[in-house]
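Undergrad: In UniProt numbering, the protein residues as written are 1 to 298.
Everything labelled a hint here was simulated from the structure, so no lab data went into it. It is possible that part of the hints are untrue.
[To be verified] Straight line, CA to CA, 30 Å or less: simulated DSSO-like cross-link-like pairs of lysine-lysine: (1) K91 / K43; (2) K91 / K103; (3) K234 / K91; (4) K194 / K171; (5) K294 / K194; (6) K194 / K107; (7) K194 / K103.
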Amino acid sequence: MGILIDRHSRIVIQGITGREASMVTRHTLAYGTRIVAGVTPGKGGQEVHGVPVYDTLKAACREHQPDTSLIYVPPAFVYDAVAEAVANGIKLILIPTENVPQKDAVKFLNLARRAGVRVIGPNSVGMINPGERVKLGAIGGDNVERCFVPGPVGVISRSGGMTAETSWMIKRAGYGVSTSVSIGGDALIGSTIKDLLALFEADPQTRAVVVFSEPGTSQEEEAAAFIQERGFTKPLIAYIAGRFTEDMPEGTVFGHAAALISGNYGRPSIKAARLREAGAHVLDNFDDLIPTLKQILG
């Protein structure tokens with residue numbers, strides 16, 4: 001079953017005629033995912049790999065009733081694209097765009113939250129549900145099965161690249177994934193680790209969840225509290241990258257914008273301690289994921 005997306009998802013791509021969006025459209029269609037329409041102002045009437053293009057999302061929604069939007073527009077236009085999607089009844093939005101202005105992110109995340117719209121990203125490589133053969137974003141590229149096969153393990157990753165690497169490790173262990181989600185590396189994102197754990201808890205296909213974490217933010221601490229409150233009761237395996245950052249000058253940004261330590265805020269050692277106290281399996285080495293999965297799932 002998985003979470004968020006399935007074979008019934010009706011996807012529209014905002015900014016579909018761009019180079020990257022066009023490539024992603026081709027790979028996504030080849031995987032079997034249903035893209036019903038695309039939107040680029042001034043390009044209405046064209047097609048991208050057989051997908052009809054409209055000048056406005058309103059027109060696309062009138063003709064095709066999409067419920068999910070993939071937003072491939074430049075950073076300065078993300079707010080307008082999200083606002084348009086919310087206004088037209090889209091219920092799930094994924095944003096791959098990097099370098100979105102924080103003031104815009106604050107506004108559109110608040111707008112989406114008030115409208116009951118779930119946002120993944122910004123700065124997300126995408127999400128995939130292999131059992132349903134549906135994906136959003138560049139995740140998996142044109143060789144999806146190399147890393148992503150159906151199975152009982154959910155994946156939540158703050159790193160785009162490690163979404164694939166983690167899923168590949170799960171495949172090497174002899175299992176597969178229910179849904180893999182790149183939540184985005186920015187400080188302000190639409191869905192956190194805790195948010196997705198709640199969804200995986202309700203998914204009957206998911207037997208365990210693997211989280212790939214980084215320094216910065218309080219997401220892992222919030223997830224630990226959620227586990228202690230019995231909000232998530234399935235096995236959780238976590239790997240927290242970047243322990244070396246605790247020896248670096250405070251305030252140094254590592255990789256993603258959210259990977260920032262300030263005082264005790266964002267420290268990998270504290271994240272690991274909180275998750276262990278909550279009962280999660282915290283890995284010292286990423287390679288330990290395979291034997292840990294085999295121990296948990298049998």
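Undergrad: Need the status of pair K194, K107: alpha-carbon distance at most 30 Å?
TA: holds (21 Å)
Undergrad: Hey, K91 versus K103, does the alpha-carbon distance stay inside 30 Å?
TA: holds (22 Å)
Undergrad: Run the distance test for K194 versus K171: straight-line Cα separation, threshold 30 Å.
TA: The hint holds at about 24 Å.
Undergrad: Given the hint that K91 pairs with K43, test it: the Cα-Cα distance must not exceed 30 Å.
TA: Judged against 30 Å, a Cα distance of about 25 Å means the pair holds.
Undergrad: Can you confirm whether the C-alpha distance between K194 and K103 stays at or below 30 Å?
TA: OK: K194 and K103 at ~23 Å, within 30 Å.
Undergrad: Quick one, are K234 and K91 close enough, alpha carbons at most 30 Å?
TA: holds (27 Å)
Undergrad: When you check the alpha-carbon spacing of K294 and K194, does it fall within 30 Å?
TA: It holds: about 24 Å lies between the C-alpha atoms, which stays within 30 Å.
Every hint from the earlier list agrees with this structure, and none is contradicted.
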